[in-house]
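Produce the entire structure from the sequences given, and follow the hints as far as they go.
Chain order of the listed sequences is A and B. Under the numbering used here, the letters of the first sequence match residues 76 to 327, in that order. Under the numbering used here, the letters of the second sequence match residues 281 to 538, in that order.
The hints are simulated quantities; they were obtained by calculation from the structure and are not laboratory data. Each hint should be verified, as a subset may be incorrect.
Said to hold, decoys possible - Partial selection, computed: residues in chain A whose CB lies under 10 Å from chain B:
#1 G122
#2 P197
#3 Q260
All values reported here derive from a predicted model rather than from experimental measurement. Where a beta carbon is used, it is the ideal one built from N, C-alpha and C, also for glycine.
Each chain, letter by letter, is given below.
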Amino acid sequence: MSKISRRKLITTGLAATAGASGLAVAAKLARHYGLVPPDSGVLYGAGETLTYAAQRLLTRHSMAREFSRSQISEKPFANEVAPLGDEFKRLQQVGFAEWRLSVDGMVAQPTSFSLAELRSFPSRSQITFIACEEGWSYIAEWSGAPLSHVLGLVGTLPQARYVVYRSFQSDWWESIDMADALHPQTILTLGMNGGELPIGFGGPLRMRVPRQLGYKNVKYLTRLTLTDSLKHFGKGLGSASPEGGYAWYAGI
Amino acid sequence: MGTGANWEIAGNAGVAARERADGLRPRHAALVRVTHWLITLSFFALLVTGVEILISHPRFYWGEIGNVNTQPLFKLPIPSSRDMVPTGYGYVLPDQNGWSRYLHFEAAWVAVFTGLLYLAFGFFSGHFRRNLLPAPSDRSLKGLAISVARHLRFERPSEEEAWSYNVLQRLTYLFVVFVLFPLIIWTGLAMSPAIEGAFPSAVAVLGGRQSARTIHFFVSIALVLFLFVHIFMVSLAGFWKRVGAMITGRAATKKERV
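Next comes the structure, spelled out in structure tokens:
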């Protein structure tokens, strides 16, 4: 074995220092440009950060694929949901007339909307697939008000960076960054395949984020909160998913 | 014998032999050794987590979509980690998808970075040209037939082959590096809803998202088959000697072993 020379030691040391400071600068830049996901500190957070950062750099404005009417699945699969309880049944019996979607947090005017009000907004229909992280998928036509329209109505403050959204099922809550929140295909979904959104598929109101997997598409949507930080929501990992061991970002 | 002749044709046999004798020239370059074990590590992580993700829906489809309400292309006769999947088994396996998905993608990043490093090295150092491209004398059906026949007789490789790859090995490694690995990365990315939106034709040419998932499965089977054959061939040649060469870079000759 050859002896390690002083020159080699110095160059290695310099390279290591340059590498470490390069990483530190990269981390700072990534944070500045919103490329670090809220669950970056978990066990596999490094890989998750790379995935989220790469997808944000490559796909920030890209549109989810849309399909033709003939490609709509004849037998979509609703997946199982936990029992919704008596209060939900009561709301259902009156045609969800009392269902409200409240919007709060970093907005000029905290507001709550009825389903009728949401239906009166400009509507968007799109034929997209929804895929579960397990591997299965189906295609349907989804319609509703773009989230960006509602965020504009309530006067979203410029410092808002995430939208936290909650379900009637209190243990299911998620959040997305503004790239997805303001994306034209992100819709507050009220209809499916030309009819009302069936309960099994999340009716009366479901968040559809077609560039992310099924679990980001929260069913029975009740509340939106705009925030500049996810630290004080739950365990601070961004949503219920990382608390249950699943990645916050589900674009893959 | 054949391999010895190839060294002559390559014109550097004398230099190579001298360097070998002096212990200056390693059997495997340091970069090849490091990337080999990084890929090994990430491959095992991808395999274990891939199996875990797979058992949450052990059904495969062709085309864009597929779920328990549609006819599968085929299904694996194994239990599932989800009770919504009809498997015929009376029990459900524990859900491991959370950490499996996290680790699958982290290991994929390690594999991709390692692969890029290996590719850059392979092209610029001449590793691919010198060690993986079949030698001119072997670029014929006859050369291939000789190598196949020797494999079929399970012949132990000659002493010269401890320093080089035979033609069948070269073709196999080229196939793994330039066909299987790119294909498994491509089909994996074709399942990402965000990537699909940005590169829709990358999914379309595969026949759809579920087709991509099915191809991903078959390519992983091919890679596992390669792994088995690879370990078998290494064992045939002397397992610890070859593993040692891939760690230290030095190939022990018969004389050294006595």
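Holds or violated: A:P197 as interface residue toward chain B, Cβ cutoff 10 Å? With a closest approach of 22 Å, the A:P197 hint is violated.
With a cut-off of 10 Å, does the beta carbon of A:G122 approach a beta carbon of chain B closely enough for the hint to hold? The hint holds - A:G122 has a Cβ within 10 Å of chain B, the shortest such distance being about 2 Å.
Per the CB criterion, is A:Q260 less than 10 Å away from chain B? holds (9 Å)
Checked against the numbered hints given earlier, this structure breaks only hint 2.
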